[in-house]
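Note that the protein sequences, when read in sequence, are chains H and D.
Quick note on the numbering used here: the first sequence kicks off at 1 and runs consecutively.
Quick note on the numbering used here: the second sequence kicks off at 1 and runs consecutively.
Don't take every hint at face value.
What the hints assert, rightly or not - Okay, the calculated beta carbon distance ranges per label pair:
1. H:L26 with D:R40: 48 to 58 angstroms
2. D:G150 with H:L8: 15 to 25 angstroms
3. H:A21 with D:I157: 37 to 47 angstroms
4. H:I37 with D:F45: 23 to 33 angstroms
5. H:L14 with D:L96: 17 to 27 angstroms
6. D:A186 with H:K104: 51 to 61 angstroms
7. D:V77 with H:L14: 16 to 26 angstroms
8. D:A84 with H:L26: 29 to 39 angstroms
9. H:L59 with D:E76: 46 to 56 angstroms
10. H:L27 with D:R35: 47 to 57 angstroms
11. D:V158 with H:R41: 31 to 41 angstroms
12. D:W81 with H:L27: 19 to 29 angstroms
Stated by the list, open to error - Examples of chain H residues toward chain D, derived with CB under 8 angstroms:
13. S31
14. I56
15. S97
Rather than coming from a laboratory, the hints here were simulated on the basis of the structure.
Being a predicted model, the structure only gives us computed values, none of them experimental.
Think of the CB as a built atom: it goes at the ideal place given N, C-alpha and C, for glycine as much as any other residue.
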Amino acid sequence: MIVLVDGLLWAIALALGIIAARRSRLLLRDSVREGVIDCARLIPRIMLGVVGSGYIAALLPEEVVGRWLGADSGLTGLCIAVIGGAFTPGGPVIGFSVGAAALKGGAGTPQVIAYTIAWALFAVQRLFIWELPVMPERVVWLRVVASLPLPFLAAAAAMLLGRP
Amino acid sequence: MPEAPLQRRPRKTFDWSTVSIAVAVAVSAVVVYRRDGSERFFEIFTSDFELFVSILPKVLAACLIAAFVAVLMPREVVLRWVGAESGFMGIVIATLAGAICPGGPITIFPVAAAFVAIGADTGATVAFITSWTLLGYARVLVWELPFFGGEFVIWRIVIALPLPIVAGIAARMMVSLVARRRRNEAGG
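The following block holds chain H by itself, in its conformation from the complex (with noise of 0.2 angstroms):
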């Protein structure tokens, strides 16, 4: 999947880099200079971010996490669930491992759709490393505010609709 996932991105990146030639060398030339410092300029960024985050995800203690989560939370636990999720650290195998743990664990389905789709939407350190050194800074930080409801809703649309 992975591979596939891979694939498809540099079949994107091929096929533009072919329409970019077509149109001119230089276009070309000026375009791949650009792609390749900014990637350069991500590197240390990435090293951090990967490297580092499984420090961050060792001190985790995913219990207590899923404790917190539990069915009978209710309020508390939904504001509980949507904090955890967004300074939950690490890539998604820490995300999601908490999140299924704590689905085993008896947490509310609710509680955990909160988490997984707060930690999707906020996850501190992504927003960090990624997010504000690559995007304008107002366009972070308006996204952040209009999807701090979203959490919220989802766990609500859970409650609503009863549990699957």
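Fit chain D to the known structure of chain H by using the hints.
Just chain D, lined up with the frame of chain H:
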């Protein structure tokens, strides 16, 4: 209409956001080393370093795509489809684009920034990123499905479907609110 020069954001190699993460990483690494010993410390390092190496080609592909999009994408098309005047449809289009966009955060942010630079509206951009984070198939197939199983994932996606549109509209409302306040301040 003459095209305005492309707005490229000057990028610093190191800035406060990176520094704060670096501090958190350094502190955690020291705690792990002292608590769990050097074996665990190096175990984490090697496994994450492999991940880092596997990510690099993706980063390069994404940066190239972003650079090409910035020069190839006709500006009037971007403005018409996802520009400030694109209305509700612009947000819907951005949501669909986010859901089918391949790759992770490494890919999405440079590409989104390229679209912002050539005139995509803030609301549409917010919808695009939100849609990618919540509905992107790559993440669902590679990560979420193995951890949670089909039932939960389908359930979660159905619930998340309208959320990018909600976020996009909210962002747009905030933008016009800020603009109105600015105008009032300037006028009063």
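Status of each hint after checking the structure:
1. H:L26 with D:R40: 48 to 58 angstroms: Between L26 of chain H and R40 of chain D, where Cβ atoms are some 52 angstroms apart, the hint holds.
2. D:G150 with H:L8: 15 to 25 angstroms: For L8 of chain H against G150 of chain D, whose Cβ atoms are near 23 angstroms apart, the range 15 to 25 angstroms holds.
3. H:A21 with D:I157: 37 to 47 angstroms: holds (39 angstroms)
4. H:I37 with D:F45: 23 to 33 angstroms: With Cβ atoms ~28 angstroms apart, the hint holds.
5. H:L14 with D:L96: 17 to 27 angstroms: About 24 angstroms separates the Cβ atoms of L14 of chain H and L96 of chain D, which means 17 to 27 angstroms holds.
6. D:A186 with H:K104: 51 to 61 angstroms: This hint holds: roughly 56 angstroms between Cβ atoms.
7. D:V77 with H:L14: 16 to 26 angstroms: For L14 of chain H against V77 of chain D, whose Cβ atoms are near 22 angstroms apart, the range 16 to 26 angstroms holds.
8. D:A84 with H:L26: 29 to 39 angstroms: holds (32 angstroms)
9. H:L59 with D:E76: 46 to 56 angstroms: The hinted range 46 to 56 angstroms holds for L59 of chain H and E76 of chain D, with Cβ atoms some 51 angstroms apart.
10. H:L27 with D:R35: 47 to 57 angstroms: Since the Cβ atoms of L27 of chain H and R35 of chain D sit about 54 angstroms apart, the hinted range of 47 to 57 angstroms holds.
11. D:V158 with H:R41: 31 to 41 angstroms: holds (39 angstroms)
12. D:W81 with H:L27: 19 to 29 angstroms: holds (23 angstroms)
13. S31: Status holds, d = 4 angstroms.
14. I56: This hint holds: I56 of chain H lies near chain D, its Cβ roughly 4 angstroms from the closest one there, short of 8 angstroms.
15. S97: With Cβ-Cβ at 6 angstroms, under 8 angstroms, it holds.
Of the hints listed earlier, there is not a single one the structure fails to meet.
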